[in-house]
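Visitor: Residue numbers (our numbering), protein chains in the order written: chain L, 1 to 332; chain A, 333 to 665; chain B, 666 to 984; chain R, 985 to 1486.
Hints may contain errors.
Now the stretches of chain A that chain B is said to cover, found in silico as 3 or more residues with beta-carbon under 8 Å [stated by the list, open to error]:
(1) 470–476
(2) 513–521
(3) 595–605
Residues on chain R that point at chain A, a partial pick, calculated with CB under 8 Å [stated by the list, open to error]:
(4) T1077
(5) L1090
(6) P1094
(7) D1123
(8) R1125
(9) A1126
Rather than coming from a laboratory, the hints here were simulated on the basis of the structure.
Virtual Cβ for every residue (Gly too), placed ideally from N, Cα, C.
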Amino acid sequence: APKKFKIALSNSYIGNEWRIEMVNLFKAALEMEPYKSQVEGSYFNSGNNVSQESQQISGMIAERVDAILVDAASPTGLNGIIQQAHARGILVISFDNVVTTPAAIKVNTDQFKFGETLATWVAKKIGGQGNVIMVTGVAGTTVNEQRNKGAESVWQKHPGIKIVNRYAGDWDSATAEKNTAAILPSLPKIDGIWCQGGTDGVLKAFIAAKRTPLPPTAGEAENGFRKFMLGYMGQKVDGLSIGQPPYLVLVALELARRILNKTYPRRDITIPFPFVTDATVKAGQTVFPQMTDSFFTDFTDSGPNAVVKVGVNAALHGTPGPGTLTVHLPKV
Amino acid sequence: MQPDTTADALPRGNRLGHLIAQNIGLILAGAILLIAIVAFILIYGIEQQRLPGNFELTSTVNSAVPLAFAAVGQCFVVLTKGIDLSVGGVVDLANAMAAVTMGKSLTSGLVWSVVILMVGAACGLVNGLLVALGRLQPIVVTLGTLSIYQGLAIRVLPEPGGAIPPSFTNFLVNPNAPYALIFIVLLALAWSAFRRSRAGVDLYAIGNDEAAARALGVNILRTKIIAYMLDGTLAAAAGLFLAASATAGDATTGNSYTLSSIVAVVLGGVSLFGGRGSAIGAIAGALITTLIVNILFFGHVNPLFQSFYEGVFLLIAVVVGGVIGGTIRRRPK
Amino acid sequence: MNKFKTMAPESRRVLYAIAAAVALFLLGQAVHPGFLGLASVESILVIASFVGLVAAGQCFVILIGGIDLSVPWVLNAGAIVLTTTSLGLESRAPIAIVAALAMGIVVGAINGAGVAIFGIPAVVMTLAMNGIIEGLVLGLTGGFTCSACSSYAPPFVQALAHDSLLGVPDALLLWLVVIVLVTLALNITRFGRATYALGNNPRAAVLAGIDARGMTIMLYAASGFFAALAGILLVGFGGQASLGMGDPYLFTSIAAVVIGGVNILGGRGHYLGVAAGAVSLTVLVSVLLALNMPDYVRSIAYGVVILGLLLAYGRERET
Amino acid sequence: MLATPAVAAIAARSVSKSFGGVKALISASIAISPGSVHALVGENGAGKSTLIKILGGRITPDAGSVTIDGEPAHSGIAASRRHGIGTVFQELTLLPFMTVAENLLLGREPRGRFGLIDRAAMPDVAERELAALGITHIDPRALTADIALAERQIIEIARVILAKPRILLLDEPTSALVEREVAWLFGQIRALRDGGTGIVFTSHRWGEIAAIADRITIFRNGSDVGCFDSIDEDEAITLMTGRQLEALFPVRTPAPAKPPVLTLRGVRAEGIAPLDLALSSGEILGIGGLAGHGHRSLFFGLFGAPGFTQGEIKQDGRAIRIRSPRDAIRAGIALVPEDRKSEGLFLPLKIRDNLTLPILARLSRFGAIRRGAERSLVDDTIAQLAIRTPSPSQPVGVLSGGNQQKVLLGRWLLTKARILLLYDVTRGVDVATKHEIYDLVAKLAREGYAILFYSSDAEELAHLCHRVLVMRRGAFVADLPGADLTAEAIVSAAMRESAHAA
Ligand SMILES: Nc1ncnc2c1ncn2[C@@H]1O[C@H](COP(=O)(O)OP(=O)(O)OP(=O)(O)O)[C@@H](O)[C@H]1O
Ligand SMILES: Nc1ncnc2c1ncn2[C@@H]1O[C@H](COP(=O)(O)OP(=O)(O)OP(=O)(O)O)[C@@H](O)[C@H]1O
Ligand SMILES: [Mg+2]
Ligand SMILES: [Mg+2]
């Protein structure tokens, strides 16, 4: 049998469901062809601690892996160790929370566009006129900054839109709900919500404050938010939901396999982000009424141009689906 | 005419016994470190079918250096019976400043390093003044300043980026040889000089009994301020090492150093009640913490259970240390 | 006024802490009209109640010179035990609540045993325990807080966080009960006397016949209990448990205790002050959110205000 | 004695000092001549220590002035050191987790290379310096926390004497010392005095005052009320307390011949050989001997803190086990430790809380304390022991030392314990209070309490006890019946044995 490629996944953090699904997809893929026969995989978690993640990548270098997939605790904090890995001939692919060093190939969606798309939708929905709140992400991170900049670029074009408050939701439903609950009662009527993450928490705080019906909302891909699009807790919301897809890890894995097999060039990949609106949301496909609100619905892709299709059990339990797993990388 | 008390001299404990009693924390830290090293080599050997080499040594040392500096800084404050939760904030601030200011050359890197260390010292000064002059409890002072320093760091570097001159990286954390050991040795030497200075003695005196120290004429204000300033400076140094090994800056990556520096200090046998322990122990504690990460890595534990194992290892280390210590101390004299 | 002067400094600090909370509310109204509206105040107090509950446990252990760094994941585990045990069914709510609280008590008792029997420093014991619980929760649930639940918190628990009785939110009423009970426990019971004795002079307490080990275990168990209780309420509040939901409560609960006038070295302070501290911190965060300023300014202002409050009334006497 | 020069070595003029509401000193004055020993006497809380702290530069007076050689003194510890003042404060200022040598040499450590402190040389330097003072039984390498209280007090004194002060302030330096150590100290004091040092000395043992003082200033309620070249004890006590005391020691009543309530057979603990002992109800059994010879282990062993490692304890003929203070309290045993601040009281807590802590179980219903019942018990105790306080809600820390000691005694009387272990209970207690405590102890014995009584003051043992066992090296070396027992007999019993050893 041909020698298997050793591919290690360095995951900075495992404390939210997005990351869990991402790791589960990776686990499932390792049990499916073509990866099952070509890849020997391993995965690690570093508790959101950059120096630990850096040390773990050192460990991977010591283990002489062929490729390292990185979801980084810091866009810059791992640059040094990644350069070392690169210098030792190891292929490094960073995805989701990508690193800045050119020594790593990047697989991601476009975060500026993320913020911009949400904002454009809100602006259009409210006719370029009204009060909007922005619920932002974790301060000091690139993703947060990029998404905010994307949004601001849109607001500038709409003088009728007033951003009555910007506050952090830290991409976490509980935090977003708490902060919204604290501030909402003292805010004027809200016509639109722009939210980077924790969207369902924001909406629940609106309900608790009796600010119903809920205003049009552009947010992340939490299952809870999408339930609101279907109708949930007596409310139905007009919304746009964009997900950072957990299957980025599969794109990274496939890219690694192809590059190691020399069937694909070394290059960054930006994949389109999947999104749904209240008009297109569909139970069992893009929303799962049986599942928790914090579940990330975009673990798989749909439609004719889907990047990858996997079953819900792969995301939930890391169990492989039938047959082979096909990940579509952009045409060279 | 002097009725001397010699006639009734009791048998004394032997010198070794006294030495052990005085350095119990350090001895424990050494023992745990030894165990950790052996465990690491064993696990590495079993997993990799070879012994760790230059690369492993270098990367372990390079990972340990920032923590060692932060832990020694923390140690100064803990010895005064304080605690510093703002370490992470100072690391962030230094890291962010380094990435923004250093530019391309080693010279500018070094010049800015000095400035950044001074900023760290200033952060420490603020902590020290609030604690010593403001008579506030250290844990809340530093909780407050943590928030301030983190805010400043984000102001300096709103999103990760910037660049560290490669020559500066090579100077601090050469990736090809465990050359950063020099800094650990220098740190230990500097400590032992400090330990033998007026301020060093005063520091211990304050940690032993602040009221007594005051009565003995120890300048509490000055000594505490020195302790917090050294702490701030060393935390800033940790930030520089972090920036150097990352080759760029991030205003949030230092946060973990707050708790890990405290853990290192405790593993190093420094008493959180002040006055007992040594920065050498804190360095050992930093190495132990680093080795535990390696052991868990090469032990290939289930990542979901990772923090479980970290917690268990920490407890085992402390309990085993305590048992060894108890046995040594109870050894018949 | 004369009475005020002769008060014990800790008692005076309770008044200062309450004054600080009120002042922060007024400040909020000044910079952001509408802040003092009934709905706004109610909503802020409900959020403060979560902090206040965690801080009740933290207060117990700090009173004996300890600290509990395991509250984040005990809280989180409490929330997850509730959702996984109740499966969102009203009929299972009682057993789920009991299970969650029992989990908190057991974990807390283990913390206490580690500190009291094995002599492990509280910082290390509880920090390690936080990691242990985190690892167990993630490992045992596979990372999903309740994949099989159709709804998460049973309606009863959700009502607890959202409904009102005679215009007062249930969560607040519950907190009020806790405030009364904890205050009574500390002030008129043997348990309270023993706690203060232990915190003031552990050696003398043992020599006076206090069961230091038993007390320590009990107090840490209480801390676990309150963290789990806060977890339950938070599930009710958000409707679901999420990973990491306890993290913000670590430093906040410690800060609330100290701002409330409790001495971090133990033996002195009152829960009433701590409750005021919890309100102060929550109001402060809300005011800063309302002010609509950049994250970094908010972070700096938060630190500055806390230090300002402490300088105003939290200064220790000269030794 | 030298003729009194016109200029005092150190003097305080009309100094006042308040702590919060407490007026510790009210316009007090004192002048100490060079080459003389000036004793300060007064009840607990009279302000002696406060005055000494002011003289020693540790605190600044609210009003009044301090002069040195007629010049205004600079305040602050550092300045006072430059003035050549050395102070032994009442609460020891040794640092527990530093070695004896480090403590002894603090601030004047030997320097080695690069001007750094030569830590390695310190034990030897300390050993030499101690030997020069005639102290060879204390190991300079030991941690201070590990040596006995008396040894700590000696180190504290040695540290100050070694600095060759021109003015020496000694605040109750003998409180934990036994006679021979006191004699050693007096030798040192005389040598310094003869060299021209002006010395302030306080003590609550009149014998010491009489032996060493050239002048005596009496303090009462924060003011000096008289200064004498010599004064007899009764007169001094009247001035100190404002009332007359009968004989210091109560009339001895014979010990009742009763079977022992408590018997120890072959008990062992760290520092004590297997010991046998029998204690009857109504008996005051004295334990004497030099410090550091196992008394503490005996007392604390009996109280289960920690318990004996071996041997048998019988109470009323039944074997009991005492493994913790709780066991001891259940068995009706009470311990009043020597160091009331660190082992007895909760200083910031109310008198009430301090008194009733061990009996709360009895006082509460469903865990809640019955306030009324507690209140009346507390009031009774305060009245019975004549604890001087405006209210039972005062923090115990604001009471004078003697009253603090009474609170501690009261706590244990409330437990209805019948066996009292009194470990140096009069340490640092003023004459009047001592008198009260002696009366109390004698009364308790008459009421049938069994009392084990250790004291570092041989006079006290001789006059109060029915019988005295002298301890040496963890064993009883003499059993002295009480009828015509003298302090000399106790001291010489403790010393005689050492002649053999030497
Ligand atoms: N730091 C302080 N804070 C509050 N009160 C104090 C303080 N120091 C002393 N006092 C009070 O001042 C008074 C005088 O105390 P001081 O210690 O001078 O008495 P003393 O004569 O030395 O008594 P003793 O013989 O018991 O040592 C006492 O009432 C005491 O309680
Ligand atoms: N026979 C002995 N051999 C060695 N060390 C001894 C011996 N006896 C006592 N010690 C040591 O002396 C120290 C003091 O002992 P302990 O506290 O029991 O004596 P003590 O008489 O109660 O002291 P003090 O009178 O000062 O309160 C202890 O550290 C003990 O180990
Ligand atoms: Mg005094
Ligand atoms: Mg003794």
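Visitor: What hints, given by number in increasing order, does this structure fail?
Guide: Checked against the structure, the hints that fail are numbers 2 and 6, while the rest are satisfied.
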